[in-house]
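Student: The listed protein sequences correspond, in order, to chains A and B.
Going by the numbering used here, the first sequence opens with residue 1, and the numbers climb by one from there.
Going by the numbering used here, the second sequence opens with residue 1, and the numbers climb by one from there.
Careful, some of the hints might be misleading.
Restraint-style ranges between C-beta atoms, simulated for each label pair [to be verified]:
{"no.": "1", "chain 1": "A", "residue 1": "I184", "chain 2": "B", "residue 2": "D176", "range": "51 to 59 Å"}
{"no.": "2", "chain 1": "A", "residue 1": "L313", "chain 2": "B", "residue 2": "N184", "range": "49 to 57 Å"}
{"no.": "3", "chain 1": "B", "residue 1": "L118", "chain 2": "A", "residue 2": "L313", "range": "27 to 35 Å"}
{"no.": "4", "chain 1": "B", "residue 1": "I65", "chain 2": "A", "residue 2": "L313", "range": "32 to 40 Å"}
{"no.": "5", "chain 1": "B", "residue 1": "T128", "chain 2": "A", "residue 2": "A158", "range": "36 to 44 Å"}
{"no.": "6", "chain 1": "B", "residue 1": "L276", "chain 2": "A", "residue 2": "L98", "range": "32 to 40 Å"}
{"no.": "7", "chain 1": "B", "residue 1": "I112", "chain 2": "A", "residue 2": "A194", "range": "21 to 29 Å"}
{"no.": "8", "chain 1": "B", "residue 1": "S125", "chain 2": "A", "residue 2": "Y151", "range": "37 to 45 Å"}
Hints are computed from structural coordinates only; laboratory data are not their basis.
The structure displayed is predicted, hence computed values, not measured ones.
The beta carbon of each residue, even a glycine, is placed where N, CA and C say it ideally should be.
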Amino acid sequence: MNTATTTTTVPMSTTPARPWLTGVIIWALLLSAPIWLPMLGGYTALAGRVLVLGLAAMSFNLLLGFTGVMSFGHAAYFGLGAYGAGLTLKYLAASTPLAILGGVLLGGGLGTLFGLLISQRRGVYFAMVTVAFGQIAFYITYSWDSLTGGYDGLRGFARAPLNLGFTTIDITNNSTAFYYFLLIVFGVVTGLQALLLASPFGRTLVAIRENERRARFLGIPIERHIWMSFSISCCFTALAGAMYALLNNFADPMGLHYSLSGEIVIMTVMGGMRAFWGPLIGAALFVVLQDYISSMTVNWMSFVGMIFVLVVLFFPRGLLGMLQRGVGK
Amino acid sequence: MLQLVLFNVTNGLIIGAFYVLMALGLSLILNLSNVINFAHGNFLALGGYIAYILVPFLGFWGALIVAPLITAVFGFVIERLMIRRVYTRDPVYSLLLTFGLAFIMQDACRYIWGPNGLPMTIPDSLSTPLSADLFFITWYRIFMVAIVITAVTGLFAFLRFTRVGIRIRAGTLDLDTVAALGVNVGMLRSMNFAVGSLLAGLAGVLAAGQVGLNPNMGDDLLMPSFIAIIVGGVGSLTGTLCGGLLIGVAGALTTVVWPAASEAVIYVIMLVVLVLRPRGLMGQEGMMS
Numbered sequence: 001m002n003t004a005t006t007t008t009t010v011p012m013s014t015t016p017a018r019p020w021l022t023g024v025i026i027w028a029l030l031l032s033a034p035i036w037l038p039m040l041g042g043y044t045a046l047a048g049r050v051l052v053l054g055l056a057a058m059s060f061n062l063l064l065g066f067t068g069v070m071s072f073g074h075a076a077y078f079g080l081g082a083y084g085a086g087l088t089l090k091y092l093a094a095s096t097p098l099a100i101l102g103g104v105l106l107g108g109g110l111g112t113l114f115g116l117l118i119s120q121r122r123g124v125y126f127a128m129v130t131v132a133f134g135q136i137a138f139y140i141t142y143s144w145d146s147l148t149g150g151y152d153g154l155r156g157f158a159r160a161p162l163n164l165g166f167t168t169i170d171i172t173n174n175s176t177a178f179y180y181f182l183l184i185v186f187g188v189v190t191g192l193q194a195l196l197l198a199s200p201f202g203r204t205l206v207a208i209r210e211n212e213r214r215a216r217f218l219g220i221p222i223e224r225h226i227w228m229s230f231s232i233s234c235c236f237t238a239l240a241g242a243m244y245a246l247l248n249n250f251a252d253p254m255g256l257h258y259s260l261s262g263e264i265v266i267m268t269v270m271g272g273m274r275a276f277w278g279p280l281i282g283a284a285l286f287v288v289l290q291d292y293i294s295s296m297t298v299n300w301m302s303f304v305g306m307i308f309v310l311v312v313l314f315f316p317r318g319l320l321g322m323l324q325r326g327v328g329k
Numbered sequence: 001m002l003q004l005v006l007f008n009v010t011n012g013l014i015i016g017a018f019y020v021l022m023a024l025g026l027s028l029i030l031n032l033s034n035v036i037n038f039a040h041g042n043f044l045a046l047g048g049y050i051a052y053i054l055v056p057f058l059g060f061w062g063a064l065i066v067a068p069l070i071t072a073v074f075g076f077v078i079e080r081l082m083i084r085r086v087y088t089r090d091p092v093y094s095l096l097l098t099f100g101l102a103f104i105m106q107d108a109c110r111y112i113w114g115p116n117g118l119p120m121t122i123p124d125s126l127s128t129p130l131s132a133d134l135f136f137i138t139w140y141r142i143f144m145v146a147i148v149i150t151a152v153t154g155l156f157a158f159l160r161f162t163r164v165g166i167r168i169r170a171g172t173l174d175l176d177t178v179a180a181l182g183v184n185v186g187m188l189r190s191m192n193f194a195v196g197s198l199l200a201g202l203a204g205v206l207a208a209g210q211v212g213l214n215p216n217m218g219d220d221l222l223m224p225s226f227i228a229i230i231v232g233g234v235g236s237l238t239g240t241l242c243g244g245l246l247i248g249v250a251g252a253l254t255t256v257v258w259p260a261a262s263e264a265v266i267y268v269i270m271l272v273v274l275v276l277r278p279r280g281l282m283g284q285e286g287m288m289s
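Just chain B, same shape as in the assembly (with noise of 0.2 Å):
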């Protein structure tokens, strides 16, 4: 019974850890830009393939850095193309354009590396289990884990210590006074989107070395992260990071008890928590309104 426990917990952190990852970086979007990327899952199945393309050149640990990065820029280019022109517009349009764009992100991943789910090697040193007592974890779940306590803590401290990173923080309290005193909340936006899909396609990289590729990998991920940004509350960076944890060690938990409403867990933390503290475990006052 306690390995069971041990198991799901350790499950579910992992599902927790990439929940993070993909809810900090939609958070970060959501907080400055006022835009809900329905396409940040298929910025994590493209920083996948990305890996994917570049393991053979790069071997797995330079894959790991680079591939990324080539998300970033590539979410960059994006933001400076298309989803920059819908700031000043109803917010209906920047989710219907980003809707749209993940409509054309799956079918292309689709088109160039088909429809079926492609392996990803990861090195033998990583694959390999702890021990056989602990014979479900592996060495590649540890890594995981602390790649994204690393990946998080850089986060936190780019935010804090930065120029850019304080910056956004400004910027998402009130942009109007940033942009008076002489930012350019133009750019500034675009490295916000920039960061958010860098984070989606570490989170892409992760993944594929744990259960493959596939075009929709990222859209099972999705959806639980919008929920944690509702449980921690909308504006706050940490209650999203407690928020992602908190819904993936409950569901892991719950497969221990009850295995069918593993999924339906999350879904029932979000509406007691809507009920109970409307505004999320963490948010401000009035930032939901």
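Same shape as in the complex, but just chain A (with noise of 0.2 Å):
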């Protein structure tokens, strides 16, 4: 019988036998895709909700698997991200660099304020606080009909060619360069989230994910820390929102529902929250399951629930997790 109210977390992941193998798999797909998915079905734009619900994840992970706290409701700023695009593109400019600062201007901008009202609290109570605040989100955008189209979503948008000053990249109708300029922008993103994981700030996270107790007898001041890795964290996820807004040209309001935040959730612990790229396998896998099952049955509800209990009960390290045990044993 089990008594322990202490919980214990998922056990550290081995250093895997080549840390860059992942890496470069996964990359090699990548940059390959418009080549080899339609081959087995696929479509670009499938490709490109992959990647941009792989980056939402990854951010999110930041949160989950590197520091160690759990947000329930991270859609809400995918989704002030996605509108906080479409509004600049809308009624601001028509400049696709612009219509991403927007949205993470938005989306993390009140990710960051949010953060300071919560980072004294942990475990469940932070999951519900963060659901809580999302379903704000989800509501007033849900509510403000005349400026963010209600129910309907937010349309009457699309986004602009880019300008480089000596060429200009037409991203709008044609969809394998929009797919390589979101790729460019999944590569500097996740490279700068690998940079912060490797600097000093980012091995404190860790510190405070393993030991918070021993972290603050070292010193840290663990409130700021989450604070800070809470605002990042929602800063790489508005910027995802703003990538879905212009993959889609159309802002959803159900974007920001408690139910997107229960989708990246459990993305990131599918691929395993452990690993680097664990939320972006997660994401893959669960894009297209999705995708697939949505189109064979109305039932797809209870599939999508299926996966989620599936996963909790016979796969809580994830993909990813459970290759790198099999990898250092």
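Two chains, two frames, a set of hints: combine them into the complex.
Tutor: This is the structure in structure tokens:
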């Protein structure tokens, strides 16, 4: 009979034998996706969704996997990023970089403010307060009809061609060009995340995850680190949301709903929350499965629910977690 | 004007009563098992649908008693089969598990009973208004409030005077010690989960009589219930009770002056509480950490 009240974390993954191998395989697959994906019956927009949701999940994993704090409301920042980008394009300027900036400022800014209120909280209470805050964002977007289009979502904007000074790249109509634009942004952001995690700041976050009390005894200001981690994670998630709005030329209020927050969490756990690339793998699996299931049956919700239950009960370490343990043996 | 205010206060108390039933169940489970039950709204819907099946056989009164009990048994089984497996793991797993359950249960209800709303018949004696002046207060509403008061009183008496109830309260404070004293903590948590499901099922039957049934009927109540817990203070059932009534009445009173903001006001209350009194109205210091 299990009587322990203290929650034990999933054991640390052992360092993989070839840490660079996963990254190389992933980049090779991503770079060549427009070539092999149509052969398998996929379409480039699907690859774009994988990239965007993978980016959101990886940004979320800065908190869950590397700081050990569980936000259950990250859809809010994702959705705010999407609306920020959409509103910028619609009302301010027809510029793709400005739209991305608008999304990051809206989602990241609100996330940073809100982080101030919650950095004291831990565990399920942190999750509960973040869910409730996410619903505030959802509710405001949903009700502010005149600005956001309410239930129907924000329409009437389109991504603008990229003007590099010497040349203009048409990412508006050419979906392959847009995919590579997404991939470049994805590469820059994940590169930044890798640098961040390797920095003293990133190592401190891992120290907090592993033993908060010991980190506090070492004089580390825990609350400030958690707040900064939350803020950074929200900014990156908002950036992913802005890319999502550009991908679809549409911002959807369901993009802020807590069911998407849950999906971001399951992607992360499914791929392996202790692995840097885990959330991307999880996002790819989840997006493809969801796409397939919802085209097969109207009862797709049950199947998505089954994915949640099965992953939690039988594959809690996620795909990369299991692979890495296999290599380590 | 007075009638309008009175109308909305009554409405608010009734909505608040639903929040209270939901939030108390959630709070019980959260306090003892450290699990946020995202499927709680679906237990509510399940209770309503079970009553819908039972009404032709047992009548409304029989269904009112039996349906919550069946929901409780269902909750007990779910806890035994699935939720107890993740208690020792990172809390993220219990959230994901109940999240997935919510998807499955909602879809199952839609599959079995159809996506459209179903009406539930209530006895004629309950559907008549109190009087011509108070046309908006039907006997059913009075009856609902009475049932909720009875249920809440019953719950507090159960926690205060029965052996299991005392153990649940003790376990909330220090589960290790309770286990060391020889209490079967696993069974205690299962029973606690069943009690929470019972309250959700009861709320489901009452809601079905008021607004009918549909597969998403619990969803709109889930988020306000979270807020009731946060506002009232995590760890305090009395706090949850006050939080639920407070946001119910506040929402309804806002409808009088500014209908569009009636839903926003509960979020505003939550933010104000989080800024001014982070532990909630009656929460213990440090319980939220």
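Student: If a hint holds in the structure, say so; if it doesn't, say that too.
Tutor: These are the hints, each one checked on the structure:
1. A/I184 <-> B/D176: 51 to 59 Å: 52 Å, holds
2. A/L313 <-> B/N184: 49 to 57 Å: Distance hint for A/L313, B/N184 is violated at roughly 23 Å.
3. B/L118 <-> A/L313: 27 to 35 Å: 33 Å, holds
4. B/I65 <-> A/L313: 32 to 40 Å: 34 Å, holds
5. B/T128 <-> A/A158: 36 to 44 Å: 58 Å, violated
6. B/L276 <-> A/L98: 32 to 40 Å: For A/L98 against B/L276, whose Cβ atoms are near 38 Å apart, the range 32 to 40 Å holds.
7. B/I112 <-> A/A194: 21 to 29 Å: 48 Å, violated
8. B/S125 <-> A/Y151: 37 to 45 Å: 40 Å, holds
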